[in-house]
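Each residue of the first sequence is one higher than the one before, starting from 1 at the first, in our numbering.
Don't read these hints as lab results, they were simulated from the structure.
Built from N, CA and C at the ideal position, the CB exists for glycine as well.
Hints are supplied without guarantee of correctness; some may be wrong.
Taking lysine to aspartate or glutamate and the EDC-like style, the derived pairs with C-alpha atoms no more than 20 Å apart in a straight line are [unchecked claim]:
1. K354 with E343
2. K67 with E184
3. K236 with E448
Per label pair, the in silico range of CB-to-CB distance [to be verified]:
4. P371 with R160: 26 to 32 Å
5. E88 with W151: 23 to 29 Å
6. W137 with E15: 53 to 59 Å
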Amino acid sequence: MAKKMKTAITPTRAEDYPEWYQQVVRAAELAEPSPVRGCMVIRPWGYGLWENIRGVLDGMFRATGHKNAYFPLFIPLSFLEKEAEHVEGFAKECAVVTHHRLEAGPDGGLVPAGRLDEPLIVRPTSETVIGAMYAKWIQSYRDLPVLLNQWANIVRWEMRTRLFLRTTEFLWQEGHTAHATKQEALEETRRMLDVYEDFAENYMAMPVIKGEKTAAERFPGAVSTYSIEGMMQDRKALQSGTSHFLGQNFSRAQGISFQTAEGSQEFAWTTSWGVSTCLVGALIMTHSDDDGLVLPPRLAPLHVVILPVIHSDDVRAEVLAYCNRVAGELGEVTFNGAAVRVEVDGRDARGAEKMWGWVKKGVPVRLEIGPRDIESDSVFVARRDKTRKERFSLPRAEFVATVATILQEIQDGLFERALAFREENTRKIDSKDEFYEFFTPENRDKPEIHGGFALAHYNGNPDVEQQIKDDLNVTVRCVPLDADAEPGRCIITGEKSPRRVVFAKAY
RNA sequence: CGGGGCGUGGCGCAGCUUGGUUAGCGCGCUUGACUGGGGGUCAAGAGGUCGCCGGUUCAAAUCCGGCCGCCCCGACCA
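Produce the entire structure from the sequences given, and follow the hints as far as they go.
Pasting the structure below:
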């Protein structure tokens, strides 16, 4: 008998959270480190998740009037130089292409040859190339608004990487819009932030706080940056989507101007907004447990997996036929506007091993079907959001009739659980001592999971923000948009403050 | 790039301080038998130039030097 493990993932979240995260990514076969430093290979299960994320968001973008387009991976170096703050923000993390050919070198290896007149950078974001095109396309107020989005890969040469959360190359979506008025651009910025909130809460089952970033956290070159912030199970915040109001900064730098109805020449007002494969990391850290991944049904690549229980060869055909029939029936059921995604796992492996594989991959519902179930025309149901002891038998017809309800129940349950977790770990704090105590672990050498979201008053002074960051590695995640104004006094300086802001440690 | 830890079959590790038979162990893998609502049992197998390069030595996984890579913490960031 093998050693009984209590959990499918070791270590547990409480024992070593960062290591647990890596083990889940690996055990669920989401992704792996690649031969290229800092980059990852996204495996089919992880990519399926991303495809679902992309599919839903793409529909939302279209519904709000946007169209997809594609712009080049390479950006002339001179483009980046046009917006001063933008340069400062991204220059340090750009990959640069300087040559276009390889030749045999003296040592037999290949050496770069054919130096480019102007180096190209691999896009860290596309404001500049897209802006260059907008400058050509936009002549008149009649050409506005321009509402485009692109799905692409980008490169940011990060010092430290983590699968999904921060990799050198990652996949994302970037929306870029241009408008005739400031008001319209501001509305667009907020509209897309709302889209992200809707997606995070109703599809990822991840409660988020919508808010505006402070100057320190603002996108380089933006007038204002908004974000949605989720709380992970180690109580750290993860920025899960950003929307930027760029004002006329980029249009001025790139000459995106148009003639108004009155005949004057004005610069357009632009926005940009994006979410990345970092969302997969958010999903993992919001819901998963010590047995591996837990997926919200609306984004799960598979809703129901059927595990045939086959004891002997003489029942094999019958069991498989029954399983396939159930799969067929489930495939006729609609959940969240599409067919239930179901698969019969007929692989030649031991039942327990298959079961654990799917537990670790986070499939919302597992059906175990053997001769006994067939005899009573029922299925044995296991839900990923419940313990293994809570499995139950249900008549086949009843399960087929209620599967969509069960999936929605799981979806809602995950959201409620995540919301309760966030609320338990969110505290209003009104004194500096309590604030410092809240964010200081008991064990300094190996910090336990501690802290959370602190709702505190802060006077808006960047120096104070920096001081807190230096002391505790805690930052202002955002100034919440939906909270009521509540005057108070800054916990550090005692100065008047119109509202509480969200402080937390962050990814 | 700083501080810490680590590189030994697919995965997880022991061995290294005190160099010396064919480098072990658990899981996994292959084959066979027995099992059968669950991370089985038994038996027989396959699989490693001990991260790389150099040095010391009769002899290096083990000692010395250099390099590379990974992980954690920090600075930077979606």
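Looking back at the hints listed earlier, which ones does the structure fail to meet? Hint 4 is the one this structure does not satisfy, whereas the remaining hints hold.
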